[in-house]
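2 protein chains.
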Amino acid sequence: MIVLALISTSLSGSIALSTEAEENASPVFGVTLPAGYRDWQFISVAHEAGNNNDIRGILGNDIAMKALKEGKLPFPDGSIIVRLAYEYVSSERNNAIFGREQSFVAGAPTNVQIEVKDSKRYANTGGWGYGQFENGKANPSVKIVNSCFACHAKLPSNADFVFTTYSR
Amino acid sequence: MIVLALISTSLSGSIALSTEAEENASPVFGVTLPAGYRDWQFISVAHEAGNNNDIRGILGNDIAMKALKEGKLPFPDGSIIVRLAYEYVSSERNNAIFGREQSFVAGAPTNVQIEVKDSKRYANTGGWGYGQFENGKANPSVKIVNSCFACHAKLPSNADFVFTTYSR
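These protein sequences, in sequence, are chains P and Y.
Under the UniProt record's numbering, the first residue of the first sequence carries the number 1, and numbering increases by one thereafter.
Under the UniProt record's numbering, the first residue of the second sequence carries the number 1, and numbering increases by one thereafter.
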């Protein structure tokens, strides 16, 4: 009985791990949230109005940052760019201080989008794999993740499929 | 003659260095641009409309980031927060791709503002010293640098005179 119980625990442990791994990888591309991405260096900022209505910071890992700072595109394999989006919030507190409606700040996180450069693995999508994450979990929608490349592919070829440029 | 010429060179060298140091320190507070600040971790983003009409990323040094992530304010001495502002630019390229006017990105840098926590040195201004920099040079305006604290002092006391909060 003791032996059986141990086997049972071990099996359920494996299953749990496997399920968790799948939850955290994007469909189609298998992109995961990289460890420590929130502490990466800052590339730039943007505001998307319309359906997104977010304000976002874009960060890069060391490989991506080196390419961006040196202006050497296409990005080398191993480059990862992370886009953190937040609700676009009019700050009543700041507006009261400034005496006018002018201040828009980051509210609650909406989602995190990640693009990973691997020219062999992602050869069919310009060398980039994509993923979108909400609350640390990969969005399972194939439609959403496929829409990433469809849109990035519309950029001029010298952008290497990346919207953001480095802000000095 | 040769000796005199050397002395003269040495003197003008010292004067040049001294002038450069003064140019790069803010009036009133003597705040300088910290080495490597552009590579610091990302705190949050904001858009200020109105006279500024900028979009900005806010970065922090390790001491400030630790306090922000742990939610432990007031900030300890040695905390430095850097606000990088850029022209708020409607991206025609992105709008053409998205099929609507929705995308606002960072244009040319406008200025960098820095606040340094030193509760003894800056005891008269809540423990914070301020500086504004354009193209790497300290803005010499006493009026501008004094307006920093005047505005930050209007924040609720639990903000420790800092507008930005950490975006997760």
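Careful: at least some of the hints might be erroneous.
[To be verified] DSS-like cross-link-like pairs, simulated, lysine-lysine; straight-line CA separation at most 30 Å:
id, chain 1, residue 1, chain 2, residue 2
1, Y, Lys66, P, Lys137
2, P, Lys66, Y, Lys69
3, P, Lys120, P, Lys143
[Stated by the list, open to error] Cβ-to-Cβ under 8 Å is the rule here; a few derived chain P residues that face chain Y:
id, residue
4, Glu48
5, Ile55
6, Arg100
7, Thr110
8, Asn111
9, Arg168
[To be verified] To spell it out: a stretch of chain Y is covered by chain P in this simulated footprint if at least three of its residues, at any positions, have a beta carbon under 8 Å from a beta carbon of chain P; those stretches are:
id, region
10, 42-49
11, 98-104
12, 133-142
Treat the hints as calculated values from the structure; they're not laboratory data.
Even glycine gets a Cβ: it sits at the ideal position worked out from N, Cα and C.
To see whether the hints hold, each was checked on the structure:
| no. | hint | result |
| --- | --- | --- |
| 1 | Y/Lys66 / P/Lys137 | holds, 25 Å |
| 2 | P/Lys66 / Y/Lys69 | holds, 26 Å |
| 3 | P/Lys120 / P/Lys143 | holds, 23 Å |
| 4 | Glu48 | holds, 6 Å |
| 5 | Ile55 | holds, 5 Å |
| 6 | Arg100 | holds, 6 Å |
| 7 | Thr110 | violated, 11 Å |
| 8 | Asn111 | violated, 13 Å |
| 9 | Arg168 | holds, 6 Å |
| 10 | 42-49 | holds (count 7) |
| 11 | 98-104 | holds (count 6) |
| 12 | 133-142 | violated (count 0) |
The structure fails hints 7, 8, 12 (numbered hints given earlier, in ascending order).
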